[in-house]
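**Q** As given, the protein sequences belong to chains A and W, one line each in that order.
Start counting the first sequence at 1; every next residue gets the next number (the working numbering).
Start counting the second sequence at 1; every next residue gets the next number (the working numbering).
Hints were generated in silico from the structure; no laboratory data involved.
Heads up, some of the hints might be wrong.
[Said to hold, decoys possible] If you only want the chain W side, here are some residues facing chain A, beta carbon under 8 Å, derived:
1. F32
2. N36
3. T40
4. G47
5. I48
6. E52
7. N55
8. I107
9. G110
10. H167
11. G168
12. V173
13. S174
14. Y175
[As the list claims (entries may be wrong)] Anything over 12 Å on all C-beta distances counts as not near chain W; from chain A, calculated:
15. L19
16. N62
17. T383
18. R463
Here a beta-carbon is modelled for each residue, glycine too, at the ideal position from N, C-alpha and C.
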Amino acid sequence: MNEYSGQELRLLKDKVNTLFNSNPNWKVVGLHIKEKNGQLTSDIAITLIVDQKLPVNEIDSNDLFPDSITIPGLSEPVKTDVQVGPTEFKALGCYTLPTPGTDDSGWAMPVSGSRMTHRPLMGGIGCTTIPPNGYGGSVISAGTLGGFCIDLDDNTIVGVSNNHVIGGNQVRGDMTLTMGYAGQYSAHKNDYHQTYWSILSTNDIASNESIPHPIFQQPETHYPVHQRTSWDEYTSSYGSGSTGLSALKVGTVKRAYPLTSSNNKIDVAIFALDTTINSMSALISTTESWKQYLLDYDTPMDFATTAEIDSLLTTASGSPVFRSGRTEGPVGWPGSDPYGSDGRPSNVGCSLSAYGVTDAANINYGGNIETIGYVEQIFVRGTTDPSTGGDSGSFVCGLFNEGNPSLSAWKIIGLLFAGSDAGNYMIANRIDNVASMFNLGAYKGETLDIGYKNVDIKVIDTRQSAVTARIGGKMYWQAGSTNSPATGRFDT
Amino acid sequence: MSKFIKYTSALTEVTAFSGNFDHRELYGRPEFTGGNTYTTLACGFSGIRTLEGYNFDSVQGVMLSTFNSEDLVGLLGTGTYAVTAVSALSYLSGGATIAPPLTGYFISPGTSAGTYTLNNYNKMTVTFPTISALGAYGIIDVIPINAAGFTSCSIKINLPGTTVTGHGNQIYVSYE
Numbered sequence: 001m002n003e004y005s006g007q008e009l010r011l012l013k014d015k016v017n018t019l020f021n022s023n024p025n026w027k028v029v030g031l032h033i034k035e036k037n038g039q040l041t042s043d044i045a046i047t048l049i050v051d052q053k054l055p056v057n058e059i060d061s062n063d064l065f066p067d068s069i070t071i072p073g074l075s076e077p078v079k080t081d082v083q084v085g086p087t088e089f090k091a092l093g094c095y096t097l098p099t100p101g102t103d104d105s106g107w108a109m110p111v112s113g114s115r116m117t118h119r120p121l122m123g124g125i126g127c128t129t130i131p132p133n134g135y136g137g138s139v140i141s142a143g144t145l146g147g148f149c150i151d152l153d154d155n156t157i158v159g160v161s162n163n164h165v166i167g168g169n170q171v172r173g174d175m176t177l178t179m180g181y182a183g184q185y186s187a188h189k190n191d192y193h194q195t196y197w198s199i200l201s202t203n204d205i206a207s208n209e210s211i212p213h214p215i216f217q218q219p220e221t222h223y224p225v226h227q228r229t230s231w232d233e234y235t236s237s238y239g240s241g242s243t244g245l246s247a248l249k250v251g252t253v254k255r256a257y258p259l260t261s262s263n264n265k266i267d268v269a270i271f272a273l274d275t276t277i278n279s280m281s282a283l284i285s286t287t288e289s290w291k292q293y294l295l296d297y298d299t300p301m302d303f304a305t306t307a308e309i310d311s312l313l314t315t316a317s318g319s320p321v322f323r324s325g326r327t328e329g330p331v332g333w334p335g336s337d338p339y340g341s342d343g344r345p346s347n348v349g350c351s352l353s354a355y356g357v358t359d360a361a362n363i364n365y366g367g368n369i370e371t372i373g374y375v376e377q378i379f380v381r382g383t384t385d386p387s388t389g390g391d392s393g394s395f396v397c398g399l400f401n402e403g404n405p406s407l408s409a410w411k412i413i414g415l416l417f418a419g420s421d422a423g424n425y426m427i428a429n430r431i432d433n434v435a436s437m438f439n440l441g442a443y444k445g446e447t448l449d450i451g452y453k454n455v456d457i458k459v460i461d462t463r464q465s466a467v468t469a470r471i472g473g474k475m476y477w478q479a480g481s482t483n484s485p486a487t488g489r490f491d492t
Numbered sequence: 001m002s003k004f005i006k007y008t009s010a011l012t013e014v015t016a017f018s019g020n021f022d023h024r025e026l027y028g029r030p031e032f033t034g035g036n037t038y039t040t041l042a043c044g045f046s047g048i049r050t051l052e053g054y055n056f057d058s059v060q061g062v063m064l065s066t067f068n069s070e071d072l073v074g075l076l077g078t079g080t081y082a083v084t085a086v087s088a089l090s091y092l093s094g095g096a097t098i099a100p101p102l103t104g105y106f107i108s109p110g111t112s113a114g115t116y117t118l119n120n121y122n123k124m125t126v127t128f129p130t131i132s133a134l135g136a137y138g139i140i141d142v143i144p145i146n147a148a149g150f151t152s153c154s155i156k157i158n159l160p161g162t163t164v165t166g167h168g169n170q171i172y173v174s175y176e
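So here's chain A without its partners, still in its complex pose (with noise of 0.2 Å):
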């Protein structure tokens, strides 16, 4: 086996999204152990995934893959390798899901579980934000709360799911969507005519959709998050009282990562908790929050270093991998082995092994986003489909010194958000990314504040690739566009 460095293993993903990024017939790249006549090999290879490998007189000669690449800073030229395996993945949309019943009785545990109201609330259990066609729409939506967090911002607790579950498509400021309405400074346009502008408005619409939805208009300003889902309560209606979705927000959308054509490393949105429904202490418990729902471990855990997950490419058969979402209830080791068939379709003793942590890929997220390139994700192989639409947000999990019971810990390696029809395959951001790109810490029990603290609004002229900037000597995250007149600038 070929070990490197964790500086050499820089300088593989840097050259990883290189090579993706230079051919887009080159569709997934990344590190994997290198197979010979099907079996592994001890060698890490550059590798990349086709949907079949055809003779090579049959390739254009720009796409044929090197044999070996030569990396400055690196002793000797890195081996390649072409493997054949699914190539097209998309962001795991509420569009998978099947027809919704109109009560729980079709459920059995342990899906039913994932599914249903929780309070205090913790990881792996089902959230969404504002129906996608609005309140009193046609349109009801599914995704997972991953856990909570810390917001290094603020030292708040926060909720965690993907961008596209609760932040709307959030899109950075210089990324041009021109898909139905040519010109338009458009953040996101999904199949209903709705467009979102920014985490912070809900009630601001574009006047040039065909279809005005003053159904969004309702005494909320932020994105709301609900806990359970607009799917799982079969209804898109806002409600009063004990009725409807507003009966079940938790929390407001407090930032979420934009998305961009390419090079993209994360999709992910937190929220705030909110008390307007629910206590303090109904919401957040220091022993009960920071579980994964039906993950048979009482440790708090860390996130995985940089380290340990580059480490998981290595490990012999793949390291054991668990994650729980709204859909799939709990996939993998040991979540499977106790529920057995009872209650799971589609996963039955699904094992869960991270195959690629540093693959880049296109992913599609339809709309007028449609197909943007990430870097640096995390591969997940299952004995079956190990998920669906409704568990993205999901935090994946990775079990680290499985063999040595004084080392032996689970902890967070990522975040799912995309997966694949064409295999038992899902994708997930690193986690290490994740924190780092958003300042987010593991929460472990704490007491800590949730809600806002000191929240400061600056509209800057023009549209901004910047995702964050320090304005007057604060750090500000990118929230969306907006025909406000600006109100400050830059520091220059």
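Since chain A is already given, all that's left is putting chain W on it; use the hints.
**A** Okay, now just chain W, sitting in the frame of chain A:
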């Protein structure tokens, strides 16, 4: 102009060195300086803003009003922040009459939502109540009043809930 002891000086320092006297207008009205021009609030939050100006150490009342008497939900109107029209205040010098009357809500000293703190001669902090929805203008006037009278500072509320025609500018949010 009259001599005042600077708020940063001890009495013994003042007697030893005349430079510690502060020369300012007796009963000068509270005033805001230009640095507050671009202050904004986020709709849906209870925002804290420190406003800069002069004569804040003599302020005896602070009113929140709205541009065009707009009823910003959660701020003015009925209930906690019921609006009143004021044409006379006991502490106004010489029993002066306010004409036309000031219309708004007097907030109290404190640090919770809907209160203010006088930090010193140059600074006051207002903790704004949460405004849950906006009207056509979305502007709050902060009106500090002392014996000499009053001025106002306009606070713009971001993200009005009106139909928009384009999104040429970028929103940035800070939680530090």
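**Q** Taking the closest Cβ pair, is Y175/W under 8 Å from chain A?
**A** holds (4 Å)
**Q** Quick check on H167/W please, does its C-beta sit within 8 Å of some C-beta on chain A?
**A** Since chain A brings a Cβ to about 4 Å from H167/W, closer than 8 Å, the hint holds.
**Q** Holds or violated: is the Cβ of N36/W closer than 8 Å to a Cβ in chain A?
**A** With a closest approach of 12 Å, the N36/W hint is violated.
**Q** Against chain A, run the beta carbon of F32/W and see if the smallest gap drops under 8 Å.
**A** At about 16 Å, which exceeds the 8 Å cut-off, the nearest Cβ of chain A leaves the hint on F32/W violated.
**Q** Under 8 Å is the threshold here; is the Cβ of G47/W close enough to any Cβ of chain A for the hint to stand?
**A** holds (7 Å)
**Q** Hey, does the N55/W contact hint survive, CB to chain A under 8 Å?
**A** Cβ of N55/W sits 25 Å from chain A, so the hint is violated.
**Q** Going by Cβ atoms only, is G110/W closer than 8 Å to chain A?
**A** violated (18 Å)
**Q** Per the CB criterion, is E52/W less than 8 Å away from chain A?
**A** violated (14 Å)
**Q** Hint check: is the beta carbon of I107/W less than 8 Å from a beta carbon of chain A?
**A** violated (19 Å)
**Q** Is the interface hint for G168/W satisfied, with its Cβ closer than 8 Å to some Cβ of chain A?
**A** With a minimum Cβ separation of about 6 Å from chain A (threshold 8 Å), the hint on G168/W holds.
**Q** So N62/A supposedly isn't at the interface. Is its beta-carbon more than 12 Å from every beta-carbon in chain W?
**A** Label holds. Min Cβ-Cβ 38 Å, cutoff 12 Å.
**Q** Hint T40/W vs chain A: min CB-CB distance below 8 Å?
**A** Given a least distance of 5 Å, the restraint on T40/W holds.
Of the numbered hints listed earlier, those contradicted by the structure are 1, 2, 6, 7, 8, 9, 18.
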